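Colleague: Read off the chains here:
6 protein chains.
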Amino acid sequence: MYELGIVKRNIVRADRAVVDQLGKFGSATVHEAMGRVGLMKPYMRPIYPGAHACGTAVTVLLQPGDNWMMHVAAEQLQPGDIVVAACTTDNSDGFFGDLLATSFRARGAVGLVIDGGCRDVKDLTAMHFPVWSRAISSKGTVKSTLGSVNIAVVCAGMSVDPGDVVLADDDGVVVVPASMAQKVAGAAAAREANEGEKRAKLAQGVLGLDMYKMRGPLEAAGLKYID
Amino acid sequence: MYELGIVKRNIVRADRAVVDQLGKFGSATVHEAMGRVGLMKPYMRPIYPGAHACGTAVTVLLQPGDNWMMHVAAEQLQPGDIVVAACTTDNSDGFFGDLLATSFRARGAVGLVIDGGCRDVKDLTAMHFPVWSRAISSKGTVKSTLGSVNIAVVCAGMSVDPGDVVLADDDGVVVVPASMAQKVAGAAAAREANEGEKRAKLAQGVLGLDMYKMRGPLEAAGLKYID
Amino acid sequence: MYELGIVKRNIVRADRAVVDQLGKFGSATVHEAMGRVGLMKPYMRPIYPGAHACGTAVTVLLQPGDNWMMHVAAEQLQPGDIVVAACTTDNSDGFFGDLLATSFRARGAVGLVIDGGCRDVKDLTAMHFPVWSRAISSKGTVKSTLGSVNIAVVCAGMSVDPGDVVLADDDGVVVVPASMAQKVAGAAAAREANEGEKRAKLAQGVLGLDMYKMRGPLEAAGLKYID
Amino acid sequence: MYELGIVKRNIVRADRAVVDQLGKFGSATVHEAMGRVGLMKPYMRPIYPGAHACGTAVTVLLQPGDNWMMHVAAEQLQPGDIVVAACTTDNSDGFFGDLLATSFRARGAVGLVIDGGCRDVKDLTAMHFPVWSRAISSKGTVKSTLGSVNIAVVCAGMSVDPGDVVLADDDGVVVVPASMAQKVAGAAAAREANEGEKRAKLAQGVLGLDMYKMRGPLEAAGLKYID
Amino acid sequence: MYELGIVKRNIVRADRAVVDQLGKFGSATVHEAMGRVGLMKPYMRPIYPGAHACGTAVTVLLQPGDNWMMHVAAEQLQPGDIVVAACTTDNSDGFFGDLLATSFRARGAVGLVIDGGCRDVKDLTAMHFPVWSRAISSKGTVKSTLGSVNIAVVCAGMSVDPGDVVLADDDGVVVVPASMAQKVAGAAAAREANEGEKRAKLAQGVLGLDMYKMRGPLEAAGLKYID
Amino acid sequence: MYELGIVKRNIVRADRAVVDQLGKFGSATVHEAMGRVGLMKPYMRPIYPGAHACGTAVTVLLQPGDNWMMHVAAEQLQPGDIVVAACTTDNSDGFFGDLLATSFRARGAVGLVIDGGCRDVKDLTAMHFPVWSRAISSKGTVKSTLGSVNIAVVCAGMSVDPGDVVLADDDGVVVVPASMAQKVAGAAAAREANEGEKRAKLAQGVLGLDMYKMRGPLEAAGLKYID
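Protein chains in written order, with numbering that gives the first Met the number 0: chain V, 0 to 226; chain Z, 0 to 226; chain B, 0 to 226; chain H, 0 to 226; chain S, 0 to 226; chain A, 0 to 226.
Simulated from the structure, these hints should not be mistaken for lab results.
Any given hint might turn out to be false.
Per the computed footprint, the stretches of chain Z lying under chain V, defined by three or more beta-carbons under 8 Å from a beta-carbon of chain V, are [what the hints assert, rightly or not]: (1) 22-28; (2) 38-50; (3) 168-182; (4) 190-201; (5) 206-216; (6) 219-226.
Computed from a predicted structure; not experimentally measured.
Even glycine gets a Cβ: it sits at the ideal position worked out from N, Cα and C.
Extracted from the complex, chain V is given alone in its bound form (with noise of 0.2 Å):
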């Protein structure tokens, strides 16, 4: 459950190095090799084609038409972090635009994930700082009623902990908890080797149902080839 008007100072990031790992990597990859599970929904889309972060979570809870808190977040950033902003309601306003975005990037955060608006973006664009949202608004926001930074937080049907290793590209964004982070970064790697020598097969047209061995389990399935 949410706590409301916390803000917590001293929060476990995951390792620098394996945070680094991670970002070599993209959404997919990483997703498969959690066991297919991480994901933010897919409404949250990059403001622009080709953006691409990984880092460390600092979690804000924003309430509705309101972005005090990302004030209060920026405060509390390392460098290497990513902010990730969720809210206790549907809201598509502009919480984020150029200014928070020089100041977060004065702290050292790499992007941001808001499950919210997002507005300069031909700003955000050309500084080279990528964002992720659930929309694209100029309505602007009030800095009136508290949420919270760096509690746990469900943003875009996820649930992210402070510290927890955020990496986002083009296709989505997935949350790796900072306790597993080591694990998944190893296999990874080990499912991106492999897929290596699967491209190469397919590209010389041998068939996926002959390279994953799929035509048996597909006749025991009882599927049927007809003329």
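Chain V is already provided as a structure; the job is to place chains Z, B, H, S and A on it using the hints.
Modeller: Just chains Z, B, H, S and A now, with coordinates in the frame of chain V:
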């Protein structure tokens, strides 16, 4: 209330000089300068990144699946106008394509904002004719039922009078009533001047918490820092 | 009605020469040439701007969260085919990524239209493998439940028979039954020829009102001009 | 454009006798009598079947997640009023529940139309206090940011002026400008008289094709009967 | 592909006796009996709880905002028919109300399934005329543009041929091709007989795990019980 | 992060007496008593009006189109439990119907909250077995892929731990962590006592403006009354 079957020929357009002033700002800045009002809903998106337009509104009320009134509107266009098209019901059909864009441009129009669908996106992009729409759709339309031109309309949740200033960019679409355009342009300029200084401070690592003097109000609201 | 667990091997593809003719037109032109029918719903969007494909449909019926049939479909592909994948329920999972694209391309496929999710967007864009989908999602899929290949499917609201011509571009996706392809190609060519002349007139400032002789019908319908 | 922080006390309400006349019709009849305009979007649904209300609009502009202005509006209510609440952004929070309903009813209000959420549905149903809303939600709201009362608002896509007649039933919500109420009431009465006769004929098996003399126009439009 | 402007008079209806057999089952049972296919999308909802209908399809293709073809369809109705109305684009207008219902009933129709809007819900409920629709809306429609009657249509994602059996209840709408109706009725009966026994066992506390012998497969799939 | 293929047998349920206390309140009251948190998203709706349930959560993680884990969950149920089912992706299939309801009830379950579809609505209503779901759908499901039972899940945007109190009614679904249940029950009781008095005052015509002493703060915020 909408009166159907009406074309108003003489509308009072916002002053050209003021429109040009407003056109230098982003939609978020102008929205803030108006007191955080005037925005269309964020489902209105530009058909290509970087689209930007600012003009005086010629309004169109469409019927679903029918773009007859777009042709009627073309005749009412003057250089510097932007067409704002509403519909009597939610409809995503392709009311507008490159032929109408050619006609609108020949009449001096600077863009289109349509609470409906748009097609010929590739051609429109090549022409640099900016359109903000709720959908992209090849779906063709008929020419059978009257709507109106240059009546007050509600487009994407915002009321627009003919002659109002409409400013649209990557962040969305904002409507400035003609009677307020001068005042809003002034407020936007003041705001923007102000932003440069703020941005510099934030870039140096100054926190919004301090720059905006938020620590007191946050404490008064009950914010607690824990370790 | 869908029959599950079926792969039809011998399908009658539309004539290659006609497919190539149709491929020169946009989806809006072909849709108009068909009498304003044949479109999938506009939620189907290309994964990158400028995507374009025209081919003969190999159809796939998927089960939610399961991409087994995509591998079965790969074997049925011939050069010039486009895969059209429907699902038995609304589902946005990432049924397709760069490995399958590599396989499909090796078999000669020119693109994919999928009423589901797609992943590896960055790689697919780099490969110039065009995909139209309802969503982009990293979400992985299983290989457990039979669908079918090369049965008649409904994809994004449009029925598609194997062998039909499917043309997709920035504006959407249009389906031309194989039996009508030649006739539609002719009508599209006539329409396009016609469009060049219209465009030139409109660019010179001629109004659609006059070019299409709309003033009489508008007056008859009761349109009133006021000042 | 919305002016925030304003409460207009003296509004011109539509004539009570006309409101009562209009209240005898359904929303569809009144919408047709207006020339097929005046409807809010169909996402506005009554919280219980059979809900019906017709009154003079007291308008409220809300901020997201904030119902402060509902209390301000209560003081402006007169017997026979219906509250019409818009919001500066899409928001489904529970701005209204049984306490406010008790207050509104004590002031003589006959119902609420809110482009937001409503809660205490069971109690409101028991009270027979009719509400049309975009959502039902327990989500509570704060009282921090000013909106306005009795300014012109856009609610669910329709502009509403204070004092307008608002009629809502199972089919939706229609807004009749105060200045047109008398004329619309007359047209609605004529239409309804007309409907009884039509209904009787149709019940006897007379076809609309004949009753409305559609066969000629259909043939002229090119309709073909085949066997 | 849709051919517009066509009314097919002679359609082959599924056998009445079989329709009556199917009408005794729920939509879920029939869908399962067909092999888990045949359903329209779940956005199709009955206008009142407990609505139930089973009949032979007379199909209608509508144009957006235009209900002309509904009147054309009325003439083609025979006792026991159910009207299935599709539209060339997504549209929620109120194509159907109590007058058309009176006409349809006079012709013997048992209900309507419409991928569009419906109005006069209170009257239709009082008449016990069941309708499944995507929306409820007072929005009136014109009579200007041809669609077709008794062509194959796609309604809410499902293809329907004239004469097919359409069964609709609280759970949704299922379509049974006329040629398969007898076989499906038999399978549904077998399934339902089967269900009574299962229900009794489950009510006594027998677990599905045991009744369906799932423990082995679950263990084989790797399920682990922990404390 | 979700671990798949796990069934936790021993969970710590909230105290029965406290669950019963909480069950006397509405979801809005409990949500307020928690400090305005704990709600699932408002797309979760009861399948019949007046549905009400309060129990201890047995959680289920489903895979799309697959209800295998529902049978696994049945075995873990104890009297007073409510099943909370999440899914690894958005899916509206009919995971649950009257057979599973019979089984769940035989095990003592008081209801189901499912971020997916439900079917057999008529039977479930007749049984008075309350369900809150995101959709109603006849669509059947397979039993092929493992999820988990009694792990922490995110259901409709809210995190739920096994053993938490889940209270659902016409207004929505609220989750109370087991550890806070006693405290929340106390706060809810205090709040409700308080509400009776407020209701009486409001019914007598006292304004919220006065009862809540809002006039000062409104004036301080700048509210202006005009005539």
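Colleague: Give a verdict on every hint.
Modeller: Against the structure, the hints come out as follows:
no. : hint    : verdict
1   : 22-28   : holds (count 3)
2   : 38-50   : holds (count 5)
3   : 168-182 : holds (count 5)
4   : 190-201 : holds (count 4)
5   : 206-216 : holds (count 6)
6   : 219-226 : holds (count 7)
Hint violations for this structure: none, all hints satisfied.
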